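Engineer: Sequence:
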Amino acid sequence: MSDLLRLSAEQQYRNELDALIANEKYPVPTGWKMSPKSVLTYIMGGKSGGTEITPKYMGDKRVVEICIATLVTDRALLLIGEPGTAKSWLSEHLTAAINGDSSKVIQGTAGTTEEQIRYSWNYAMLLAKGPSHDSLVKSPVYSAMETGSIVRIEEISRCASEVQDALISILSEKRISVPELSEEVPAKKGFSVIATANTRDKGVNEMSSALKRRFNIVVLPAPSDMRTEINIVNTRVAQLADNFGLAASLPDSTAVERVVTVFRELRNGQTLDGQIKLKQTSGVLSSAEAISLLVNSMALAGSFGNGQITDGDLAAALQGAIVKDEAKDKAVWTEYLENVMRKRSGCASLYAECKERNS
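If you read the sequence shown in my numbering, its first letter stands for residue -6, the second for the next number, and so on.
It is possible that part of the hints are untrue.
[What the hints assert, rightly or not] In silico lysine to any residue, SDA-like type, Cα no more than 25 Å apart, as pairs:
(1) K54 <-> I210
(2) K317 <-> K181
(3) K348 <-> N332
(4) K54 <-> N227
(5) K181 <-> D94
(6) K40 <-> K54
(7) K321 <-> R260
Since the hints were made in silico from the structure, they are not lab data.
Since this is a predicted model, take the numbers as computed values, not measurements.
Work the whole structure out from these sequences, hints included.
Structural biologist: Shown next, in the form of structure tokens:
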């Protein structure tokens, strides 16, 4: 077990990446480590020689094919969707497979500046020696253009409009101008951008139509069916539990199914059978939230219980995940408990624990 809190994709799946590269049978685009078909195998799972490739994304294969095909061309890729639909996860793994390095990242926030997109200066050296290559501080975009690799921009819609606009010329001209040094840096083949945007943040700093035209936009949907979502949750919970070394047993199938059921019903505004309409919570109850909830329940069970997740552990985690806005969500959760969970077979103990927490 590594002592790092979180391994990058290329570190965690090094054996799989090495196997795919060693067993490559198809043409590899300039700047790539493997062919588009091998990238697809890495993302969706399969076999490479005698190595089993674990699936990283459990969803529509065609969506992943479109993403990979986009990156073969000179178009940038924009992944959009609800929170927790694996936008950042897919972005990281695509970059790890294509370049073997997913570290060139810009995290979009209200504080992201244009210098983080282009370049900045080491001001001590700038004052001492003036503009020079030594005093230039390269952005991840600058480095990606120099090396012909992919840069990731997370939550692009959280960046201010002027920061987003700095990308327009870069994506159009495929070069960065450095007037202080009287030179331009052209992008090498293989350079591209993968950006992610949250549909819940559409109104923060909505992308201009000019910038959107520079991207091929791919929408990542929430898991289409219950079984797929349960598989996603089980897989990620097992991976995270191993990484954190949690002293607890993995949640059983009943616990996972109950959590996923609650999340899907509140997310969709109706019970799974469509018989009861439900109010929705202020937060997005995504697969990522379900994974976090179950991992937290394991931490509770391992640290303060006997290592087995109890209904009390689940109830405590559900309360924190669902009731984000005390004024609105508490009433929604109460209505769900009384109209749905209380009447559901086998849920009496969980209902009692949840009701106590929500009182």
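Engineer: For a C-alpha distance cap of 25 Å, please report whether K54 and N227 respect it.
Structural biologist: Status holds; Cα separation ~20 Å.
Engineer: Hey, K54 versus I210, does the alpha-carbon distance stay inside 25 Å?
Structural biologist: 16 Å, holds
Engineer: Take a quick look at whether K348 and N332 sit within 25 Å of each other, Cα to Cα.
Structural biologist: 12 Å, holds
Engineer: Quick one, are K40 and K54 close enough, alpha carbons at most 25 Å?
Structural biologist: 16 Å, holds
Engineer: Hey, K317 versus K181, does the alpha-carbon distance stay inside 25 Å?
Structural biologist: 46 Å, violated
Engineer: Can you confirm whether the C-alpha distance between K321 and R260 stays at or below 25 Å?
Structural biologist: 15 Å, holds
Engineer: Taken at face value, is the distance from the CA of D94 to the CA of K181 at most 25 Å?
Structural biologist: With Cα atoms ~16 Å apart, K181 and D94 stay inside 25 Å; holds.
The earlier numbered hint that this structure contradicts is number 2, and it is the only one.
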